[in-house]
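Using the numbering used here, the final residue of the sequence shown is 422, and nothing's skipped along the way.
If you're looking for bench data, these hints aren't it; they were derived computationally from the structure.
Careful, some of the hints might be misleading.
List time: in silico EDC-like cross-link candidates among lysine to aspartate or glutamate, alpha-carbon distance up to 16 Å [claimed, not checked]:
no.	residue 1	residue 2
1	Lys69	Glu283
2	Lys213	Glu386
3	Lys212	Glu73
Pairwise CB distance ranges, derived in the manner of DEER restraints [as the list claims (entries may be wrong)]:
no.	residue 1	residue 2	range
4	Ala162	Trp117	18 to 26 Å
5	Leu242	Leu93	28 to 36 Å
6	Gly259	Ala162	39 to 47 Å
7	Glu105	Thr246	17 to 25 Å
8	Thr284	Leu304	14 to 22 Å
9	Lys288	Glu386	38 to 46 Å
10	Pro29	Glu386	20 to 28 Å
11	Val369	Thr390	17 to 25 Å
12	Thr387	Gln111	38 to 46 Å
C-beta: ideal position from N, C-alpha, C; glycine also.
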Amino acid sequence: MSGTTFSQLILVAISPILTRLYTPEDFAVLALFGAFAQIAAVVANGRYEMAIYLPKHEGEAYNIAVLGGMVAVAVSTGILLGVLLLQSKVAEWWNMPQLESWLWFLPIAVLLSGIFSVAQSANIRLGAYKAIATANIVKALVQAALQVALGLVITGPGGLVLGRTFTNGAGNLPLIRNGLAHVGGHRPWHWSELWVMAKKYRRFPLYSVPAGLVNVGNANLLNFVIPMLLGPTTLGFYALAMRVLGAPLQQVAMPIGQVFMREASHEIRETGSAKRSFVKGMAALMAVSVLLFGSLYFVIEPIFGFVFGSEWAVAGRYAAILMPLFAARFVVSPLSGTASLTDNRHALAINIFLLVVSALVLGVAYFNNWDAETLLTWFNWSLFFVYVSYLPILYCLAVSESKNNTEHA
């Protein structure tokens, strides 16, 4: 966890530099590029990386890891074809001419992200948390170096996009050496074994991918809609607020969630229940969320104007408005993997409900010509109450479904 925290500090530390090297419009291009990459990353491994935790035998886990890597290659190839066909149209639809030339890097970003997800899951299975922490530090350093250095020598969003693209690649090699090689004991793989794994764990692409797409779609919905309703400049301010508020979710909450996934899968194999792991993970996430976001709420707005420059003060207002939502998401999102571990299919329904609520708020905003702050206020509180309601549902699903699995064993 210390490595993860340090990597977060690196990204936060360079943000005041980036806001002086790049414009809000540049941050808007990065936000939209990142939204596309995150959506594609859900599909990149077919969610097979989540199945690496489950097998009792290391050879089976190794085959799942190889399968996830193969899916990543196939998906990134498909995205390359999509860029060839729709590159100019995408830039036109979102009124971002600068985005067009940087879409070529989207397939690379997806491939590197997919490989990293597989390698990270393999290391989590091994309990190699030091290697994961080291990889996160390397990723943060490479991203920071690229974004700052390129921002000094070229204009436009290129430095931001390239840093975002190659950050995962920086951590891949050490994780692959420490994780995938040891999982399989350096054994060869065969297509027939991969096919067996694909069928055995098909519930992950069938149910976890749709749920993940809706979940990531919820997180990125405003990145897609804001430039259409309010323009790229507003998206740039919103993107900085998301960068500051979203970083703790990615760098602190998700690693806690990864540890929870490993412990919960082990507990399910041993006892048929994930209750103890769920309560432990929930308590840790709640404690960090209250301390972190509770403290930030009272100081975030003046901090933005002072640290990032007076022209970015509006991003601080957006961050303050969204603080309750991020506090709730910080707790719930890492625990949402409970549904996948217990073979429960209710996660998709919950995420669809989140998307419907978000779409309703955006629809009302469109017809009433809401300004940015009104839109974000309604968006914040609507989704806050949905996330809070989701937490007890996840707890009940973990316990009841685990009991059902035990009864049928």
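Going down the list of hints, with the structure as the test:
no., hint, in the structure
1, Lys69 - Glu283, "11 Å, holds"
2, Lys213 - Glu386, "48 Å, violated"
3, Lys212 - Glu73, "13 Å, holds"
4, Ala162 - Trp117: 18 to 26 Å, "20 Å, holds"
5, Leu242 - Leu93: 28 to 36 Å, "30 Å, holds"
6, Gly259 - Ala162: 39 to 47 Å, "24 Å, violated"
7, Glu105 - Thr246: 17 to 25 Å, "18 Å, holds"
8, Thr284 - Leu304: 14 to 22 Å, "31 Å, violated"
9, Lys288 - Glu386: 38 to 46 Å, "42 Å, holds"
10, Pro29 - Glu386: 20 to 28 Å, "24 Å, holds"
11, Val369 - Thr390: 17 to 25 Å, "19 Å, holds"
12, Thr387 - Gln111: 38 to 46 Å, "28 Å, violated"
Checked against the numbered hints above, the structure violates hints 2, 6, 8 and 12; every other hint is satisfied.
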